[in-house]
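Engineer: Start from the sequences, fold in the hints, and give me the full structure.
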Amino acid sequence: MSAATAVTTTKKTNTSAGNPRGPRQSIMSRGAAMLIMGVFTLYFLTPIWWLLVSSSKSGGDVTGTAPLWFTPDSIPTFFANLGNLFTYSDGVFGRWLLNSALYAGLGALLGTVIAAMCGYALAKYEFRGREAIFNVVLSGVLVPATALALPLFLIFSQVKLTNTLWAVFLPSLVSPFGVYLARIYAAASVPTELLEAARLDGSSEARTFFTVSTRLMAPALVTIFLFQFVAIWNNFFLPLIMLRDQALFPVTLGLYAWNSQISQIPELRVLVIVGALVSILPLIATFLGLQRFWSSGLGAGSVK
Amino acid sequence: MTRNHTAPALAAGAPPARKPKTSAAQRRAVLLFVAPFGLLFLAFYAVPIVFAIVQSLLTVERKGTFGPPQQVFGGFVQYQQVFQNTEFWESVGRVLLFGVVQVPIMLGLALLFALLLDSPLLKGKKFFRLAFFAPYAVPGVIAAIMWGFLYSPSLSPFGAVTSQVNFLSADLVLWAIANIVTWVYVGYNMLIIYSSLLAIPTEIYEAAKLDGASNLQIAWRIKIPLVVPAIILTGVFSIIGTLQLLAEPQTLRSFSSAISSTFTPNLAVYTTASVPNYSLAAAFSVVLALATFVLSFVFLKATQRKVSQ
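Chains as they are written, first to last, in this note's numbering: chain Z, 1 to 304; chain G, 305 to 613.
Do not take every clue at face value.
Among the chain G residues that face chain Z by a calculated CB cut under 7 angstroms, a handful are [stated by the list, open to error]:
#  : residue
1  : A333
2  : L344
3  : F355
4  : V358
5  : L420
6  : F432
7  : A435
8  : A551
9  : N570
10 : A593
11 : T596
12 : F597
Please keep in mind that the hints were generated in silico from the structure rather than gathered at the bench.
Quick caveat: nothing in here was measured; it's all calculated off a predicted structure.
Beta carbons are placed, not taken as given, at the ideal position from N, Cα and C, and that holds for glycine.
Structural biologist: Structure, rendered in structure tokens:
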């Protein structure tokens, strides 16, 4: 309200601009806006572009040629590099990609279902301890995941499960932020009347959830899935501390290991560059493919 | 923060007076829905926290000089060590300095981009949105490797700059990391603020527009106050992220000798754990988690008070 009145008073000093989107002011600010966004587009995309260009060069050419443009034989070199990447050290890179896909893909899928069920129950049912559970979950959001990595390692070593895929997979399933988002979204998008109607029709609670409510919550579910997927794909401390066996590494840890050996094995540099490019493509593809969903679900966490 | 979000929606959906009593079937359903998350949360959140606290209270003792090491209860011995450990506190100071500088810059940029995306000034919004968000798909390790090459004087495509300024030197490497983190997360924060802007009903500023308010005035007096909750959310996550810094500095260590093995608190935890001195590392973790919790909680409370005034 106060904002609106404040703006109306400024109108009097501003009468010369009868049309607020007058052409002169508009061209100036349009130009400024496009300039800002243009400069930052370069900032955001140049490193990725450099990665793409460098992936198409042989070891010596990465430094010797124009860094931001291709060489005449870029295309065959790119495929040669790809071939080397997937055959080096018995094709361990392909293994890493599969591991990441398993940890992040399956982990996020299961994690989303689990978080959605809990958030939904917290939003749509009244039961004792509901607020207490929600508050515990919320403090979970504020606990840094990396603070848990070391104690998790100690616990898993008690049960002799370090250096197994379970050590990375199981802890990744828990997403307190997912529960938080699911609760907010379920409260806003699943009408209680609908649940009561389903009850009158004799549908069980679980069936109603999986057939009706999840559809209404779809944008939030995709958002939870994506962000958990990224969180697991990017997770570094947990696999770093848990895994010794290269065959279990996710792709980030594998590339990290290669990168720290470059000074001894220089030919790894090209593999690290190509591998970095290959490892970010699935994420970019996932984000582009699901854009429609997450762009509407993203705001749910903060909108009042 | 949360009650404000959910309470109105709940109240509107379910007037408690009319609601029938929860049936046995519904109680079973609640159990079914909550149990999987509850058990996993217990096993992989609650138990580790307790375990870390217990471990941090243990200390290693030997019977005689060469006797086998034994873990015994040592009270707050480890915490005494934590408080005397200057390297750890230097690392805490370093990430706090990092946060004080980097978080406002990152969120300021994110807010600026979100407002520009929401303004009528821009064409090609979809392109900008994707271009700015793309780095978020790059894991911290990969981003650090990429920027490591871009910074290094011999490899960088910007040799003219990097041969003059050594971004990987002891003076600058913290800000080199700040740039990597900013590069990855600006777009993500921008999208959170932007979707919160999209949720504002346009009628709110239609009137102001008719009255001749400029885009700048609308942004400053109407839009920004309304997206404060989103900015707070991004602020909390940024604070948590800053205190947790690990992947970027750890990866950059192969490009720069200026990053010590205790450069950030989490690096100190990792280094101490691989000694292995689990008890001291656990004590570091507990202190770090507590500090993070307190800091983000204080931030939430402080900003909430400001908003409600």
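Engineer: Against this structure, judge whether each hint is valid.
Structural biologist: These are the hints, each one checked on the structure:
Given hint, A333(G) at the interface with chain Z, holds; its Cβ is 3 angstroms from that chain's nearest Cβ, closer than 7 angstroms. Given hint, L344(G) at the interface with chain Z, holds; its Cβ is 5 angstroms from that chain's nearest Cβ, closer than 7 angstroms. For F355(G), the shortest C-beta to C-beta distance to chain Z is roughly 5 angstroms, which falls under 7 angstroms, so the interface hint holds. Violation of the interface hint for V358(G) is found here, the shortest Cβ-Cβ separation to chain Z being roughly 9 angstroms, above the 7 angstroms cut-off.
Satisfaction of the interface hint for L420(G) is found here, the shortest Cβ-Cβ separation to chain Z being roughly 5 angstroms, below the 7 angstroms cut-off. For F432(G), the interface hint holds, since its Cβ comes within 7 angstroms of a Cβ in chain Z; the closest pair sits about 5 angstroms apart. A hinted interface residue such as A435(G) counts as satisfied when its beta carbon comes closer than 7 angstroms to some beta carbon of chain Z; here the least separation is about 5 angstroms, so the hint holds. The interface hint given for A551(G) holds, since its Cβ lies 4 angstroms from the closest Cβ of chain Z, which is under the 7 angstroms cut-off.
Hint status for N570(G) relative to chain Z: holds, with the closest Cβ pair at about 5 angstroms, below 7 angstroms. At about 4 angstroms, the closest approach between the beta carbon of A593(G) and any beta carbon in chain Z falls short of 7 angstroms, and the interface hint on this residue holds. The interface hint given for T596(G) is met, as the beta carbon of that residue sits about 5 angstroms from the closest beta carbon of chain Z, less than 7 angstroms. For F597(G), the interface hint holds, the least distance from its beta-carbon to any beta-carbon of chain Z being 5 angstroms, beneath 7 angstroms.
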